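Participant: Residue strings, one per chain:
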Amino acid sequence: MSTHHAMAALELIGIFVFAISGALTAIQKGFDAVGILILAEVTALGGGVVRDVIIGDTPPAAFRDVWLLLVPVAAATVAFFAHPVVERLTFAVLLFDAAGLGLFCVTGTLKALDHGLGPVQSAVLGVTTAVGGGLLRDVIARQTPALVKVDTDLYSIPAMLGAATVTVAHRLDLPMSVAAPAAAVAVFAFRVIAMVRHWTAPQAWTRRRAGEASG
Amino acid sequence: MSTHHAMAALELIGIFVFAISGALTAIQKGFDAVGILILAEVTALGGGVVRDVIIGDTPPAAFRDVWLLLVPVAAATVAFFAHPVVERLTFAVLLFDAAGLGLFCVTGTLKALDHGLGPVQSAVLGVTTAVGGGLLRDVIARQTPALVKVDTDLYSIPAMLGAATVTVAHRLDLPMSVAAPAAAVAVFAFRVIAMVRHWTAPQAWTRRRAGEASG
Amino acid sequence: MSTHHAMAALELIGIFVFAISGALTAIQKGFDAVGILILAEVTALGGGVVRDVIIGDTPPAAFRDVWLLLVPVAAATVAFFAHPVVERLTFAVLLFDAAGLGLFCVTGTLKALDHGLGPVQSAVLGVTTAVGGGLLRDVIARQTPALVKVDTDLYSIPAMLGAATVTVAHRLDLPMSVAAPAAAVAVFAFRVIAMVRHWTAPQAWTRRRAGEASG
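In order, the protein sequences belong to chains A, B and C.
FYI, in UniProt numbering the residues of the first sequence are 1 to 215.
FYI, in UniProt numbering the residues of the second sequence are 1 to 215.
FYI, in UniProt numbering the residues of the third sequence are 1 to 215.
Only chain A is shown next, with the shape it has when bound in the complex (with noise of 0.2 Å):
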């Protein structure tokens, strides 16, 4: 019971730190009120979305409980009018977007199992829960997505071991009250270090042995 209600409470924590992400984009761009909300929803809400229609659960939870749409217009309003605050909170927001990272991709894979895909299907899906909304956001905002650039610290890397992990946990039938979160918290922690450590992913292998040569 109590890991249920933490687990809803994070998940809005994470909803708000991925709308804030999305505000502080928009604000970046010079974008307007309007374009600030509507990046702000589209950031924190559009990998679930994307994730419910692909299952065929319509409408998506994002439209069910009416706190998932809310809670983006809060982002926003406090990027809009606090934003050199929260711009100086840099670092405060990137740990709050790696729990939400965790979270979703744990969250997102466990509803695709409880839906009946595959394990495979499952954790793609879990991954698009925690990175669809900044890709869409990316797209809308016409800036390269973060999510491919080669100088981004690892970020879907941690999202894609930790949907794994959760699959082979229900194909093992490991206690899932421990697993996920268990699975979540190093999602968290691998992009954690990712960060301060300015972990990369590879670029294609004969680019990659040119610039070693040249390097």
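Hints are computed from structural coordinates only; laboratory data are not their basis.
Since the model is a prediction, treat every value here as computed from it, not as a measurement.
Careful: at least some of the hints might be erroneous.
[Claimed, not checked] Pulled a few chain C residues facing chain B out of the computed Cβ check, cut under 8 Å:
| hint | residue |
| --- | --- |
| 1 | Val53 |
| 2 | Leu117 |
| 3 | Gly118 |
| 4 | Val124 |
| 5 | Val148 |
| 6 | Lys149 |
| 7 | Val150 |
| 8 | Val196 |
| 9 | Trp199 |
| 10 | Thr200 |
| 11 | Ala201 |
[Stated by the list, open to error] Derived pair list, reagent style EDC-like, types lysine to aspartate or glutamate, alpha-carbon separation capped at 20 Å:
| hint | chain 1 | residue 1 | chain 2 | residue 2 |
| --- | --- | --- | --- | --- |
| 12 | C | Lys29 | A | Asp151 |
| 13 | B | Lys29 | C | Asp153 |
| 14 | C | Lys29 | A | Asp153 |
| 15 | B | Lys111 | B | Asp173 |
| 16 | A | Lys29 | B | Asp151 |
| 17 | A | Lys29 | A | Glu87 |
| 18 | A | Lys111 | C | Asp153 |
| 19 | B | Lys111 | B | Glu11 |
| 20 | A | Lys29 | B | Asp97 |
| 21 | C | Lys111 | C | Asp153 |
| 22 | C | Lys111 | B | Asp65 |
| 23 | B | Lys111 | A | Asp57 |
| 24 | B | Lys111 | A | Asp65 |
| 25 | B | Lys111 | B | Asp65 |
| 26 | C | Lys111 | B | Asp153 |
| 27 | A | Lys111 | C | Asp57 |
| 28 | B | Lys29 | C | Asp151 |
[To be verified] DEER-style ranges, computed between Cβ atoms:
| hint | chain 1 | residue 1 | chain 2 | residue 2 | range |
| --- | --- | --- | --- | --- | --- |
| 29 | B | Ala74 | A | Ala186 | 49 to 59 Å |
| 30 | C | Arg171 | B | Ala82 | 24 to 34 Å |
| 31 | B | Ala189 | A | Leu70 | 21 to 31 Å |
Built from N, CA and C at the ideal position, the CB exists for glycine as well.
Place chains B and C on chain A using the hints.
Facilitator: What follows is chains B and C alone, placed relative to chain A:
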């Protein structure tokens, strides 16, 4: 009965004008005939398709009534051959576009309410119906979405107020045969006044104050 | 039976080649390993996922048969390590891509007809199946969609004719075991000839005439 027919006729006109705006964007970008057709279809129907997929009412209306697919073909053909004439009619096109905006935010909200979605969710889907196609148009045409640009006259705010009006009228059990057309007309009027007076939405707080200080 | 197996094999080949085109685009853009994988998956499966979501047949085929998700992983891996070789095989890749185009526009149209959609709607979804993934690839990679560029050889027009042929054959009750492969082969041949002869779609009327006058 005649109200129903008038709504259906207005919907086709709205789709035609939204398609014209997509086709003109494609022509301005130098797209070929295929690009003009695709952008006309996506702009005219994209918002409603997204709404119906989210509601779970599939296939979407645009894939049931074949006229909804054929009207953008007609619009793309007109724009293809006569775009210099159409471009000179800018204000007329914008007037019809405002009518489409008012109509689609109202009908989209009503459809979501009919499918049992809550008032906030229905209003969001009403606005999505009205502005979603234009957002997809701008993403495909690789231009900053008109929706979020600071120098664009108010577009989605009239739609938001119209959608909110419909949900309040629905909650208060007001007769929708009066409330819906009234809300659509109010959105139309608000949008036209915003165009004429060049009303815009504010930028984020400190940016705006910085702008005023230096202005 | 053997036709069925041949179609299934061709579909996996088509998905592989579409995924290669996504992976090569990601490599050319300098994306990292994650970006290469994501673009391979989206390019190969995006069109079919959009078709299935619109039809309401969820989860989409790509989330039922796990091979459809794994083939793009293989393609991304090949491209990651061997892209200089693959890039030298451009014409071979384009040939397989033309085969995928012919196959997907036919199978997509048939699936929509099977689900009871009208002929025009089914043809639109057939074309969506064939070209939707490439459109998503170009949006994420932030390049002008190949689909709409004036200097691109005909791509979607062969698909449109193939989809139209299938719907006409369906309406006339022609045996689909003959008509479907014939339409796919015709699309393939049309696309290859268009590539070899550099056929392009026209720009809007007056622009084209202006171009001729100055030419």
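Participant: Against each hint, give a clear statement of whether it holds in the structure.
Facilitator: For each hint, the structure was consulted:
{"no.": "1", "hint": "Val53", "verdict": "holds, 6 Å"}
{"no.": "2", "hint": "Leu117", "verdict": "holds, 6 Å"}
{"no.": "3", "hint": "Gly118", "verdict": "holds, 5 Å"}
{"no.": "4", "hint": "Val124", "verdict": "holds, 6 Å"}
{"no.": "5", "hint": "Val148", "verdict": "holds, 3 Å"}
{"no.": "6", "hint": "Lys149", "verdict": "holds, 7 Å"}
{"no.": "7", "hint": "Val150", "verdict": "holds, 5 Å"}
{"no.": "8", "hint": "Val196", "verdict": "violated, 19 Å"}
{"no.": "9", "hint": "Trp199", "verdict": "violated, 11 Å"}
{"no.": "10", "hint": "Thr200", "verdict": "holds, 7 Å"}
{"no.": "11", "hint": "Ala201", "verdict": "holds, 4 Å"}
{"no.": "12", "hint": "Lys29/C - Asp151/A", "verdict": "holds, 13 Å"}
{"no.": "13", "hint": "Lys29/B - Asp153/C", "verdict": "holds, 18 Å"}
{"no.": "14", "hint": "Lys29/C - Asp153/A", "verdict": "holds, 18 Å"}
{"no.": "15", "hint": "Lys111/B - Asp173/B", "verdict": "holds, 16 Å"}
{"no.": "16", "hint": "Lys29/A - Asp151/B", "verdict": "holds, 13 Å"}
{"no.": "17", "hint": "Lys29/A - Glu87/A", "verdict": "holds, 14 Å"}
{"no.": "18", "hint": "Lys111/A - Asp153/C", "verdict": "violated, 43 Å"}
{"no.": "19", "hint": "Lys111/B - Glu11/B", "verdict": "holds, 14 Å"}
{"no.": "20", "hint": "Lys29/A - Asp97/B", "verdict": "violated, 27 Å"}
{"no.": "21", "hint": "Lys111/C - Asp153/C", "verdict": "violated, 27 Å"}
{"no.": "22", "hint": "Lys111/C - Asp65/B", "verdict": "holds, 19 Å"}
{"no.": "23", "hint": "Lys111/B - Asp57/A", "verdict": "holds, 19 Å"}
{"no.": "24", "hint": "Lys111/B - Asp65/A", "verdict": "holds, 19 Å"}
{"no.": "25", "hint": "Lys111/B - Asp65/B", "verdict": "holds, 16 Å"}
{"no.": "26", "hint": "Lys111/C - Asp153/B", "verdict": "violated, 43 Å"}
{"no.": "27", "hint": "Lys111/A - Asp57/C", "verdict": "holds, 19 Å"}
{"no.": "28", "hint": "Lys29/B - Asp151/C", "verdict": "holds, 13 Å"}
{"no.": "29", "hint": "Ala74/B - Ala186/A: 49 to 59 Å", "verdict": "holds, 56 Å"}
{"no.": "30", "hint": "Arg171/C - Ala82/B: 24 to 34 Å", "verdict": "holds, 33 Å"}
{"no.": "31", "hint": "Ala189/B - Leu70/A: 21 to 31 Å", "verdict": "holds, 29 Å"}
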